[in-house]
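Required output: the full structure, derived from the provided sequences and hints.
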Amino acid sequence: MHFGLTEDQRAMEAAVRQFAEREIGPAVVRAAAESADGVDWTAWRRSASLGWLGVGAPATAGGLALAAVELAVVARELGYANAPLPFVSTAAYAIPALGALGADDLVARVLADGLAVAVVEDPEWVADATGAGAFLAIDGGVVTWHERDEVTVTPRDSLDRTRRLASVRLGAGQQLGPAHAVAPARLIAVGALSAEIGGGLQWMLDRTVEYATSRVQFGRPIGAFQAVKHHLADVLIRTESSRSIAFHAAWAAAVGAPDAEYLASVAKAYCSEAALFVAGRSLQLHGGVGFTWEHDLQFWYKRALTNAVLLGDAREHGLRALALDPGIAA
Amino acid sequence: VDLRWSPEHEAFRREARAWLAHHRPAWAAGRRVDGRLGDEDDETWALRRDWHRRMGEAGWLTLRWPAEYGGRGLGVAADVIWNEECARLGVPEPVNPAGLRLLAPVLLRFGSDDQRRRFLPGIATADCIWCQGFSEPDAGSDLASLRTRAVRDGGDLVITGRKVWTTLAERGDWMFALVRTDPHALRHRGISFVLLDLRQPGVEIRPIRQLGGGHGFAEVILDGARTPVANVVGDVNGGWTVAAAALEHERGSAGLANYVRFRRIFADLRQIVGDDPGAQHALARSLVDIEVFRANVLRSLSAVLRDEPPGPEASVTKLFWSEWYRDATDLALEVLGPAGRTFCAGERDWLVEYLDARAGTIYAGTSEIQRNVLAERVLGLPRESG
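Just so you know, the sequences run in chain order A and B. For the first sequence, my numbering assigns the number 1106 to the initial residue and increments by one for each residue that follows. For the second sequence, my numbering assigns the number 5 to the initial residue and increments by one for each residue that follows.
Don't read these hints as lab results, they were simulated from the structure. From the three backbone atoms N, C-alpha and C, an ideal C-beta is built for every residue, glycine too. Misleading hints may appear alongside valid ones.
[As the list claims (entries may be wrong)] Covered stretches of chain B, as calculated for chain A (at least 3 residues, CB under 8 Å):
{"hint": "1", "stretch": "8–18"}
{"hint": "2", "stretch": "281–287"}
{"hint": "3", "stretch": "290–300"}
{"hint": "4", "stretch": "372–378"}
{"hint": "5", "stretch": "382–388"}
Here it is as structure tokens:
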């Protein structure tokens, strides 16, 4: 019975955090938001060369052959930094899916070239498509691979400028296998996205506590007032709980637990709702300054709102959890 | 992350399960046995007390006590697993919870050898029912402002004041109480933790009828009640530390059992909600929240098992379960309509549960106090007061 991370996982967590602090500060996020495709390609190439894209790839394709928990660790840290990187779609969804289909050659290419891969479930609403070098489409029972030049991408005017949505028109593509084969990969992606949300919530909590401690009104830091404290206590509960359930779901996916799909839906349902809650309270507690373009909160706020609806929103996953409810956990 | 129990723990679970399967009381079938103590009739009380004795004599209630006091010297995991198995089988809970969960750990840590030998056996067998005497009419959330006085008279302390919200006072034999022994010391510093016999002339029990009609609480008037100075636990004027340690000891041991209870409530809730399309999302949220509660409990438990300091998740638990229970019973009454405005006999009376849930966000630290604690002690925001 051990909920904590192993020593290796903790080392990985520290390495990603250090990388993010050094190379993805708020200025990098802001620059990416104003760039053509919303991605910071320098940081992306660096994270590819550090091996994190291959965390969930089979060793036969040059990956680290690790699993859902490690991906959640990396995703959480990148979420804390609001990294303008398509990590979850590429590393936690496309690569595990390709691995499950035995497409080692494509995995090797993604890793070697640092290819950003967008996963297409609904062609009308595709995240990370604007910067993608290739597309993995899971549609109509079949999984297909599409090179960039075979796809028409129409960017949408997206709220989150570092994780933009687009509609895509795909060609025939290369058939890789049946869609059911990549179902376990989707659980890994849902767990990692939940972890990324949790990281972003932690950043918003930390910054809002700082603000409430330093902003003085009526002669006291506003954090001394109960109305503010109680908002922050509720934010803390959502933030900590998001961490707990995301890692729980990731672990279940990693060991192939029978309730892994159920727990993935529980995690995404909870984290999606928590995202809206924490983003909303953080904005409220920052007062007018949080509503400005100049303030960094906007990036985490917008990412939270966007992540809440990617790979299924709270309502969809909540109903899915009801349908899958396995009863009292052993 | 690895949420499986060790083979030793699984072996202990099998032992507990086997004993419970063989000894579980038949009379408990079809009755609500996890409700508030003190509301039951005399016959049920006698049956519950006997069941407590049987568990106590078999050693299940003293798993963490050292062998010299009749325990098995096991760790917190044993309590966790035992409580969880009891919840799974739905067997009645012990009738001496204040004694088992609060007083026994205090005696083992702060008590004299004489105090341990006199008081521990009666806790395990329920021969001596203990009441908690902390809250007062004017000291609720602000417990350190308590005013019940204890004045020395020869070898005795003479105690005057009022204690309130006392569970099981009418059936209780003894009380452990926080009393002010130094009226000149500041707040927390002048308080002692004393044990006193409730069956004496200076003690008057006034039952308090609750919102739902039950009599589980009482006010205890202490008017010259006496207890020997030897019944102070820990240092005179050091009672605040003793009480705080008592609350700490319980960390982690009931969480999984509560998860099992919530799952059972949820199963019944799902049945009455049925396919009601307007209630499916609220039902889903209820389910999701139980599983998140479990994840938090496992995380907290994992830290306890490793002797790590309590993380923020431990402080979250009380708010989480009390508000989950409130929301679940809200939903039940929402879908029941007029039927939810009447009491019904049986295993699950939603109206009783609904009213019980209103108490859950008040006792053992109100939701407002819990939020202050999280904001001040975990997030480090400026203190509101003392």
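Evaluated hints:
1. 8–18: Since three or more residues must qualify, the claim that chain A covers the stretch 8–18 of chain B holds, with 4 doing so at under 8 Å.
2. 281–287: It holds: at least three residues are needed, and the stretch 281–287 of chain B offers 3 whose Cβ sits within less than 8 Å of chain A.
3. 290–300: holds (count 8)
4. 372–378: holds (count 5)
5. 382–388: With 7 residues in contact (Cβ-Cβ under 8 Å with chain A), the coverage given for the stretch 382–388 of chain B holds.
When each numbered hint is compared with the structure, no violation occurs for any of them.
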